[in-house]
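Going down the list, the sequences are from chains A and B.
Start counting the first sequence at 1; every next residue gets the next number (full-length UniProt numbering).
Start counting the second sequence at 1; every next residue gets the next number (full-length UniProt numbering).
Don't take each hint at face value.
From the structure, some residues in chain B lie toward chain A, with a derived Cβ separation under 10 Å [claimed, not checked]: (1) Phe252; (2) Gly287; (3) Ala312.
Which stretches of chain B does chain A cover? Using the computed rule of at least three CB atoms under 8 Å from a CB of chain A, they are [what the hints assert, rightly or not]: (4) 40 to 53; (5) 314 to 321; (6) 362 to 375.
Hints in this document: simulated from the structure, not taken from any laboratory.
Beta carbons: idealized from backbone N, C-alpha and C, even for Gly.
For reference, the chains in residue letters:
There are 2 protein chains.
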Amino acid sequence: MSEQLPNLIEEVIQQTTPQSVINDASTVIAQSDEKELALLLESLPIEERIALWETIADKRKLDVLIEMRSDPREILIESTDATLWDTLFVDIEAEDLLELADSLPQKLLAQAYAAMDKVQKSYFIQANEYTEGEIGHWASHAFLVLPQNAKVRDGLRLIRRDIPRHCDLIFLTNRSGQFSEAVPIALLHTQPEHVPLVDIALDDISVINDKESCLIAAKQVQLSGYGALPIVDENQQLLGRLDVTTAAELSFEEYERQLMATAGMDEDEDLFAPVKKSAQNRAVWLGINLLTAFLASAFIGMFEATLQQVVALAVLMPVVASMGGIAGSQTLTLIIRGLALNQVSPANVGALLSKELKVGGLNGIIWALVIGVVAVFWFGDPMLGVVIGLAILLNIIAAATAGIFVPVILDKLKIDPALSGSVILTTVTDIVGFVAFLGLGTLFLL
Amino acid sequence: MSEQLPNLIEEVIQQTTPQSVINDASTVIAQSDEKELALLLESLPIEERIALWETIADKRKLDVLIEMRSDPREILIESTDATLWDTLFVDIEAEDLLELADSLPQKLLAQAYAAMDKVQKSYFIQANEYTEGEIGHWASHAFLVLPQNAKVRDGLRLIRRDIPRHCDLIFLTNRSGQFSEAVPIALLHTQPEHVPLVDIALDDISVINDKESCLIAAKQVQLSGYGALPIVDENQQLLGRLDVTTAAELSFEEYERQLMATAGMDEDEDLFAPVKKSAQNRAVWLGINLLTAFLASAFIGMFEATLQQVVALAVLMPVVASMGGIAGSQTLTLIIRGLALNQVSPANVGALLSKELKVGGLNGIIWALVIGVVAVFWFGDPMLGVVIGLAILLNIIAAATAGIFVPVILDKLKIDPALSGSVILTTVTDIVGFVAFLGLGTLFLL
Chain A
1 MSEQLPNLIE EVIQQTTPQS VINDASTVIA QSDEKELALL LESLPIEERI
51 ALWETIADKR KLDVLIEMRS DPREILIEST DATLWDTLFV DIEAEDLLEL
101 ADSLPQKLLA QAYAAMDKVQ KSYFIQANEY TEGEIGHWAS HAFLVLPQNA
151 KVRDGLRLIR RDIPRHCDLI FLTNRSGQFS EAVPIALLHT QPEHVPLVDI
201 ALDDISVIND KESCLIAAKQ VQLSGYGALP IVDENQQLLG RLDVTTAAEL
251 SFEEYERQLM ATAGMDEDED LFAPVKKSAQ NRAVWLGINL LTAFLASAFI
301 GMFEATLQQV VALAVLMPVV ASMGGIAGSQ TLTLIIRGLA LNQVSPANVG
351 ALLSKELKVG GLNGIIWALV IGVVAVFWFG DPMLGVVIGL AILLNIIAAA
401 TAGIFVPVIL DKLKIDPALS GSVILTTVTD IVGFVAFLGL GTLFLL
Chain B
1 MSEQLPNLIE EVIQQTTPQS VINDASTVIA QSDEKELALL LESLPIEERI
51 ALWETIADKR KLDVLIEMRS DPREILIEST DATLWDTLFV DIEAEDLLEL
101 ADSLPQKLLA QAYAAMDKVQ KSYFIQANEY TEGEIGHWAS HAFLVLPQNA
151 KVRDGLRLIR RDIPRHCDLI FLTNRSGQFS EAVPIALLHT QPEHVPLVDI
201 ALDDISVIND KESCLIAAKQ VQLSGYGALP IVDENQQLLG RLDVTTAAEL
251 SFEEYERQLM ATAGMDEDED LFAPVKKSAQ NRAVWLGINL LTAFLASAFI
301 GMFEATLQQV VALAVLMPVV ASMGGIAGSQ TLTLIIRGLA LNQVSPANVG
351 ALLSKELKVG GLNGIIWALV IGVVAVFWFG DPMLGVVIGL AILLNIIAAA
401 TAGIFVPVIL DKLKIDPALS GSVILTTVTD IVGFVAFLGL GTLFLL
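With the hints as constraints, model all of the structure from the sequences given.
Here is the structure:
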């Protein structure tokens with residue numbers, strides 16, 4: 001439906017007034033699945049969103065909420081009649097509640113927890129022993145498991161029952177519940193019934209550590225070629241599994257988080273967040289950037305006398321800062337990708353620095369010449385060309401150095417370089433650029 | 001191995017000189033799979049990379065190359081002895097050659113093509129009827145298919161043979177080879193042998209259109225809950241399938257492409273590209289940004305006389321530009337995500353603009369006051385506070401407007417907003433910021 005989404009948005013918006021419900025769109029909505037409805041609801045301004053929400057059948061509401069991002073979801077949770085929750089929470093499972101937990105007020109969370117049976121409650125408690133960043137939090141309990149001494153016939157009997165999605169392996173555990181082997185279901189059909197499963201088990205199945213980060217665990221599953229891998233704790237106890245669909249969702253969330261972080265936002269940011277909330281969310285980032293901008297201004301302020309005499313410096317300042325910022329962001333982006341893939345480490349950071357300095361040096365010289373010549377022709381002052389050329393060269397070299405060290409150091413300090421890397425880098429290149437340019441200007445142009 | 005990668009990089013770098021081979025690392029390398037070796041090779045400086053490459057067994061070389069990014073791969077292809085290719089290309093399949101095609105010189109491409117059998121050649125030709133952005137290009141031919149009149153017993157016979165990875169469905173085709181239904185393999189075990197497969201087929205399986213974009217097709221598979229979905233052409237002919245692992249790889253490439261595009265780079269950029277090549281890759285982006293920086297400078301230049309008299313304007317210029325740039329990039333990022341998910345369309349762009357203008361207005365007023373007050377205390381001139389406050393407000397509102405329209409228009413023109421959105425946006429906010437600030441300064445401060 002992704003293709004039809006824009007049309008649906010249009011239909012809903014045209015047909016919705018705060019008082020009315022949706023007419024023509026309603027058949028399409030009945031045919032859409034929960035994920036599609038979640039995307040649609042997120043795309044609507046708040047009044048239309050709530051109007052559409054009220055037309056969705058109660059029995060689908062919980063599944064739709066589960067698929068939504070937290071911020072737009074909270075708006076619907078607030079607008080839902082308090083008496084309805086008893087109905088919505090019937091049959092709620094631990095995995096559902098884990099998805100919703102962030103958006104539910106304390107009271108509703110307690111109500112949902114109380115609605116679960118004993119097994120689901122225990123899953124919920126187990127999951128909450130992990131942070132949301134650890135894969136143990138997202139372990140699914142839908143898997144096929146047999147004791148280690150089971151035979152092919154036991155396997156065949158097991159798969160005659162309901163099989164969970166992406167289930168191409170049967171897990172085997174020993175008497176203490178420790179994971180021991182995995183058997184491809186496909187092999188069951190090629191073997192006599194009395195063969196012990198351990199005899200046809202894989203000898204190289206990789207297991208996921210419960211404390212592993214979600215992104216690495218997701219990659220592990222996606223690269224394995226299997227539909228799901230077992231998650232075990234430090235004692236090899238089988239906790240659950242991670243399947244490829246959940247892995248894809250976790251990676252998608254992580255990429256979205258990274259994309260939004262580059263602009264100082266949250267992956268849960270609502271397209272139609274209430275104005276006050278949205279302004280608040282963004283104000284912090286603007287404030288941090290303001291501090292760095294004032295810092296740069298303070299450095300420029302040191303050269304007020306020079307600027308007064310050589311106004312060309314003021315005109316060209318943005319060029320020096322911009323070239324440093326762009327060159328630095330290229331190195332920074334390359335290193336952030338390398339860090340995410342574990343390809344950048346203390347072992348090769350020296351070699352990387354040396355390469356980036358050479359690249360920066362070469363581009364620095366070329367662009368210093370180009371910009372220097374333009375400046376000479378623009379302002380008719382050869383010395384100004386020399387000054388801006390040197391400043392560009394210095395700043396591009398500083399940018400390459402900062403582009404390596406800023407993300408590496410942030411990563412070491414467990415701070416996400418995608419979030420704060422570019423602010424720090426730009427501050428460095430702004431200050432180096434302004435000080436080099438105005439400083440050299442003071443020396444050579446006065 | 002992802003966890004061990006940094007240690008391996010260190011081991012290889014320490015033990016490698018251009019003349020020597022690797023000792024201690026060699027056992028670990030023998031145990032690593034092709035994807036891990038590809039990551040390791042990409043993490044090494046060029047000399048070490050080539051030295052390691054030569055120690056890898058010939059029979060693994062092709063599979064390692066397939067897993068690598070184009071740029072680092074090309075370096076290894078160039079360094080590989082010409083006489084070796086005959087051995088490497090034995091048993092090469094169409095899917096392998098499609099992955100490598102970009103990096104192979106014309107002569108090697110022809111040699112590899114000639115090494116394939118008739119069926120693989122036809123797959124290769126079929127794939128090349130599509131661009132790399134269309135999913136038809138990546139259709140896999142490893143699937144289970146039966147005629148529409150087959151029975152459960154035929155299905156059971158089929159799965160006793162080798163089953164491809166992520167195969168939880170048998171596809172049914174009619175006599176003309178058109179896709180008709182899909183049957184879950186799991187159901188075969190629950191039904192009598194004489195039942196026709198069409199009777200237990202899914203009634204809601206979604207098919208992928210051959211011209212669909214890779215990212216949308218990948219999402220379709222990942223959301224389906226199945227291991228793979230059929231790819232069909234406009235006549236419903238079954239062309240192949242897309243499985244979840246390939247889908248994960250395609251989405252990962254797409255996210256990586258987006259991340260790198262924000263810094264004007266390619267997803268194939270080599271961590272250790274040769275200096276000249278790397279400098280060249282980046283020079284274009286620096287050049288484009290230089291033009292926009294000069295454009296901004298030209299606008300500043302219009303106010304030389306004002307700057308000469310009120311040097312405080314020069315000192316505070318970066319603050320006005322920076323606040324506009326940051327506010328704009330927040331709106332831009334939100335819209336880029338919305339466009340990627342099809343959540344932003346002409347139907348809701350008006351509502352989005354109105355919301356972003358309100359958010360921008362609110363933040364504009366708050367920060368205009370803060371910055372105005374700081375400016376008054378810093379330079380002791382109340383009128384300067386008014387001027388910078390107004391300029392900030394105007395620029396943040398311009399930023400919100402540009403943050404909506406720049407990506408929407410680029411998307412309409414089929415230009416990737418992740419690549420060029422932020423350059424254009426910053427140009428707008430720089431120029432609006434400088435002109436508003438210096439223009440108001442000229443009016444009120446002279």
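Do the hints match the structure? See the list:
1. Phe252: Holds - the Cβ of phenylalanine 252/B comes within 10 Å of chain A, reaching about 7 Å at its closest.
2. Gly287: holds, 8 Å
3. Ala312: holds, 8 Å
4. 40 to 53: The restraint on the segment 40 to 53 of chain B holds, since 4 of its residues have a Cβ under 8 Å from chain A and three suffice.
5. 314 to 321: This one holds; 7 residues, not fewer than the three required, reach chain A with a Cβ under 8 Å.
6. 362 to 375: holds (count 7)
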